[in-house]
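One letter stands for each residue in the lines below.
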Amino acid sequence: MSEPILEFDNLGKTFEADGSRVVALDDVSLAFERRGCHAIVGESGSGKTTLANLVLGLIRPTGGGIRFNGVPLPGERGIEHRRAIQLVQQNPLSALNPRRSVGASVRLPLDVHGIGTSSERPARVAALLEEVGLEAAHARRSPRGLSGGQRQRVAIARALACEPELIVLDEPTSALDVLVQARVLQLLEHLRRERGLTYLFITHDLAVVRAVATTVSVFQRGRLVESGGVEEIFAAPRNDYTRQLIGAVPVVTEAEARLRETIRAGAPPTPGAG
Amino acid sequence: MTEPVLAIRDLELTFGRWRRSKVLHGVSLHVRAGEKVALVGESGSGKSVTARLAMGLLQETGNVDVAGSIRVDGVEAAAGGRQIRRLRGRRVAMIFQDPTSALNPAFRIRGQFREVLRTAEPGLSDREADARAEAALAEVSIPDPARALNSYAFQLSGGMNQRVMIAMALANRPSLLIADEPGTALDVTVQAQTLELMRDLAATRGTAVLLISHNLGVVREFADRVYVIYRGRIVEHARTAQLFSDPRHPYTRALLAAIPKISGGGLPDLPERSPDFENPRIVHEGCAEPWELRP
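Chains as they are written, first to last, in the working numbering: chain A, 1 to 274; chain B, 1 to 295.
These aren't lab readings, by the way, just hints derived from the structure by calculation.
For every residue, glycine included, the Cβ atom is placed at its ideal position computed from N, Cα and C.
You can take every hint at face value.
Per the computed footprint, the stretches of chain A lying under chain B, defined by three or more beta-carbons under 8 Å from a beta-carbon of chain B, are: (1) 182–191; (2) 203–211; (3) 236–249.
Working from the sequences, and respecting the hints, build out all of it.
Shown next as structure tokens:
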């Protein structure tokens, strides 16, 4: 295995206020391979958002640490880390400034990080919009005039503008309709392959995890309960909580229903079934 | 056969006076006593406005033009007005997506519960109302009903608020319950509990339940019959087993194909929109509307 892009070493985060303590993340050690789509799953209160905020450098750990490309984070190259690690959020309408045109939103990171010369930047914005399946003409539009799927594409273009290595995707398709979700997930997959990106994919939707992730780490109340390759974990989850989560997914086909029954029962699935 | 508890026939809805936009183009559906029926569609399909029209809520906002008929518990509700308003909270009730924002943050649960009970019985004493509220909360498995009554909504968890809201909706024993994406804002385990409560209700009290949802997986597990709605039109109507084993409308097929599966398989290459999605309605065997049957 090549050097992991991201590592957690006994990572912990405890919030303290008014004498009460909340352990949001407890002693988590994990390593993420480059070019993978790494799913972080759990219900509300599992610590998955805390994890995202730590990786983005928005909050500091209270225990252990994070290494990005082998360098402790946040390091002296703070601005460089910020460029290399980008975020796409659940609700693109609140993530995009409504007073700014789509083009201005995508251009801002180019200006901030001094990417390209200022005369090159409009062409770069147009190319980014086309890369995510929009048109160059969308640059003049307001995010309010776009559909949910188009807005999420704008947010993805803005993240790509920084030429990132790692993108934290925080429930990127949870607010989208299912046909739109399928297109956006396809786009994300395409971009990961084309650009060699690494994703940290935070979600509660295990069916989406099965469809797009390469590895999955399951969190429960701040603890990592299970981690591994997606195929292995969905074939035979070892942890009770993982089984419970997969067992609670509403399914639409007989094959899924059968798999879910086997997982609920906790027995190893018989070869060839499903 | 007795009259359905809810019968919507050729319902059309247009918003606005000057810039008119038509959002329902002749929706028909029915729900009988004890039946669990789902209306499933994506955002903007018209599923929630259909529910709000059936409750007589949308008509009160003005600026809407409604044609067709909605019969709720024997009352004509399409035009809104006093009759349907009097049924609301008593004979018909609704639960919403986000229970915490559906409850008033400025009053304790106790006061809100008394108000609900008094829509059915205006003269109810405080003591009698509280006793009934405690019983109703116990019925939805709230461990300490007296404490819940003394709480504000923000002091309770999402799951608890969901139960409180269901208890309120059920307190007056409605004959029709409309659930608009119940628990979507909550964790899957809480969502499953909510569906379980509604399932019990239909089975034990004969309540007619209309579930409004975008989630076909939830619909498959909950409903007896399903209506699929796309851009203001019902495109497919079937018993649940029929719909999932033999989806026939291009739109339903696209939806089912686009849903990621826990059994794996990649994501299919599907358009977000297609003219085929607007093909005429497909009704499966034995699923005609009561008024469409020849005597």
